[in-house]
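Visitor: Read off the chains here:
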Amino acid sequence: MVPFGTDETICRIVAEYSPMLLRLACTRLSSAADAEDAVQEAFLRLLTARPAFRDGEHEKAWLIRTTLQRASDIRRKAEQRNIPLEDVTEPAAPESAGEELRSAVRTLPEKYGAVIHLHYYEGYSIREIAKLLGLPAATVGTRLARGRERLRQMLREDAV
Amino acid sequence: MNREDYRKAFDELSFSADFQERTADLLQKRARELEKECTDMTFNKTKKMAVLIAACIALLVVSVSAAFAWLTPAQVAEEYDQPLLAEAFSGKDALLLNETVENGGYSITLLGLVSGRNLDVLNQDLEQDHTYSVLALRRLDGALLENWDFDFSSFTMTPLVEGYSPRAVNNWTLDAFAQGFAKDNVYYFLLDTASIEMFADRTVYMAFYEGFVPDNNTFTMAEDGTIAFCEDFTGVHALFTLPLDPAKADPAAADAFVESTGLNGWSNERTAAETEEFETERSVDADGNETVIIRPKEDAPALAVE
Numbered sequence: 001m002v003p004f005g006t007d008e009t010i011c012r013i014v015a016e017y018s019p020m021l022l023r024l025a026c027t028r029l030s031s032a033a034d035a036e037d038a039v040q041e042a043f044l045r046l047l048t049a050r051p052a053f054r055d056g057e058h059e060k061a062w063l064i065r066t067t068l069q070r071a072s073d074i075r076r077k078a079e080q081r082n083i084p085l086e087d088v089t090e091p092a093a094p095e096s097a098g099e100e101l102r103s104a105v106r107t108l109p110e111k112y113g114a115v116i117h118l119h120y121y122e123g124y125s126i127r128e129i130a131k132l133l134g135l136p137a138a139t140v141g142t143r144l145a146r147g148r149e150r151l152r153q154m155l156r157e158d159a160v
Numbered sequence: 161m162n163r164e165d166y167r168k169a170f171d172e173l174s175f176s177a178d179f180q181e182r183t184a185d186l187l188q189k190r191a192r193e194l195e196k197e198c199t200d201m202t203f204n205k206t207k208k209m210a211v212l213i214a215a216c217i218a219l220l221v222v223s224v225s226a227a228f229a230w231l232t233p234a235q236v237a238e239e240y241d242q243p244l245l246a247e248a249f250s251g252k253d254a255l256l257l258n259e260t261v262e263n264g265g266y267s268i269t270l271l272g273l274v275s276g277r278n279l280d281v282l283n284q285d286l287e288q289d290h291t292y293s294v295l296a297l298r299r300l301d302g303a304l305l306e307n308w309d310f311d312f313s314s315f316t317m318t319p320l321v322e323g324y325s326p327r328a329v330n331n332w333t334l335d336a337f338a339q340g341f342a343k344d345n346v347y348y349f350l351l352d353t354a355s356i357e358m359f360a361d362r363t364v365y366m367a368f369y370e371g372f373v374p375d376n377n378t379f380t381m382a383e384d385g386t387i388a389f390c391e392d393f394t395g396v397h398a399l400f401t402l403p404l405d406p407a408k409a410d411p412a413a414a415d416a417f418v419e420s421t422g423l424n425g426w427s428n429e430r431t432a433a434e435t436e437e438f439e440t441e442r443s444v445d446a447d448g449n450e451t452v453i454i455r456p457k458e459d460a461p462a463l464a465v466e
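Residue numbers (our numbering), protein chains in the order written: chain A, 1 to 160; chain B, 161 to 466.
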């Protein structure tokens with residue numbers, strides 16, 4: 001197995017996974033720059049942790065989980081730095097339907113957002129998502145159904 | 161909401177045009193720094209070893225195990241930025257074993273294990289208990305084990321359970337996640353599997369060996385279910401018995417798990433294909449790509465794996 005530290009593997013992994021991981025990070029982060037930070041941190045962790053992967057799917061699953069965790073960390077830190085709630089002004093209205101949908105996904109509990117994204121954007125089946133996230137398939141199915149329902153409600157409310 | 165709308169919304173996102181280039185550069189730079197740190201550590205370690213050897217000669221009586229101070233399982237977890245796991249390894253539920261087997265020129269020490277839920281800060285969404293095990297590997301001839309040279313992937317560390325086929329209960333079926341790193345000439349393995357406590361009313365083993373998926377070229381099972389390495393297994397190997405608490409066993413869950421794998425069949429007798437001896441030829445090209453050619457010892461067509 002070629003170690004991750006070689007130039008060739010670094011280029012392969014960055015090219016192969018960056019687009020997917022950046023979009024995935026945006027299910028938890030509203031800023032593209034923050035998403036880029038989360039993905040970079042996940043790649044750096046791969047370099048230092050040097051996990052051994054059984055196959056490409058194992059490698060992908062590790063990167064997905066690590067990116068989601070890093071995105072959550074960045075979001076939590078940002079929330080801790082936030083100004084008191086009473087000083088928060090009303091957020092600007094979404095500029096597009098796309099932004100409205102992305103904002104709704106970010107509002108979902110994290111456990112629903114990842115499942116929704118992997119299903120709707122990446123096209124993974126419930127069984128595949130279960131494998132990627134290390135969850136029972138039944139749990140993924142439940143989260144997908146509940147997440148979808150919540151999204152519908154939020155988007156409907158926004159439309160009113 | 162349909163899939164098309166969803167994809168469109170996320171396709172609208174734009175990221176820095178140079179993100180991939182910038183990230184690859186950053187990682188390559190960091191990789192070189194890590195490599196340099198390893199080299200520096202080796203150099204310093206060589207000097208330290210000379211002092212240590214002199215001290216050992218002066219004392220004359222120094223036990224092999226005492227000459228090496230392993231990291232504790234908690235320290236191994238800390239190396240991976242896993243504070244919850246480190247805390248669990250320091251808690252009352254952790255099993256700290258420090259059992260060593262010397263085999264094939266290696267000293268193999270099972271340091272300990274702990275089971276629990278949501279101990280991994282990188283994966284806090286689990287709805288089942290996991291078992292985390294730490295093992296240390298050291299060359300008996302004092303040869304260096306380095307991150308950049310050591311072929312981590314040629315070894316397997318896996319739980320096995322008395323009476324259940326090694327094909328059914330192992331790393332692969334328990335959805336294991338293995339990590340490893342070298343520090344001070346010791347290579348540490350941190351293995352994360354689904355919890356093995358459900359099997360605790362049986363003898364549960366931790367096997368470490370040079371090889372891949374467990375099969376009957378590696379293991380043999382006696383009529384009473386006892387598992388052992390095959391007598392003709394020549395790779396580096398060690399088999400530890402885990403002192404799990406039988407009160408934590410869940411035989412029904414264990415049976416259901418094994419049933420779900422569909423792999424509980426086992427025979428010590430090898431088929432013609434299983435006994436066929438293969439030879440391997442490894443080569444590494446200028447870009448670092450390793451090619452392994454596996455071929456039967458007779459003149460059969462070769463299978464190349466890259």
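It should be emphasised that the hints constitute simulated quantities derived from the structure, not laboratory data. Hints may be right or wrong, so weigh each one.
Pairs of lysine to aspartate or glutamate residues, derived as DMTMM-like cross-links and limited to a Cα-Cα distance of at most 20 Å, are as follows [to be verified]:
#	chain 1	residue 1	chain 2	residue 2
1	A	Lys131	B	Asp253
2	B	Lys189	A	Asp7
3	B	Lys196	A	Asp37
4	B	Lys196	A	Glu8
5	A	Lys131	B	Glu181
6	B	Lys189	A	Glu8
7	A	Lys131	B	Glu247
8	A	Lys111	A	Glu95
9	A	Lys111	A	Asp55
10	A	Lys60	A	Glu95
11	B	Lys168	A	Glu99
12	B	Lys168	A	Glu57
13	A	Lys111	B	Asp289
14	A	Lys60	B	Asp344
15	B	Lys168	A	Glu100
16	A	Lys77	A	Glu41
Keep in mind it's a predicted model, so treat the numbers as computed, not measured.
Visitor: Which of the numbered hints are not met once you compare them with the structure shown?
Guide: Hints 1, 3, 5, 7, 8, 9, 10, 12, 14 not satisfied by this model.
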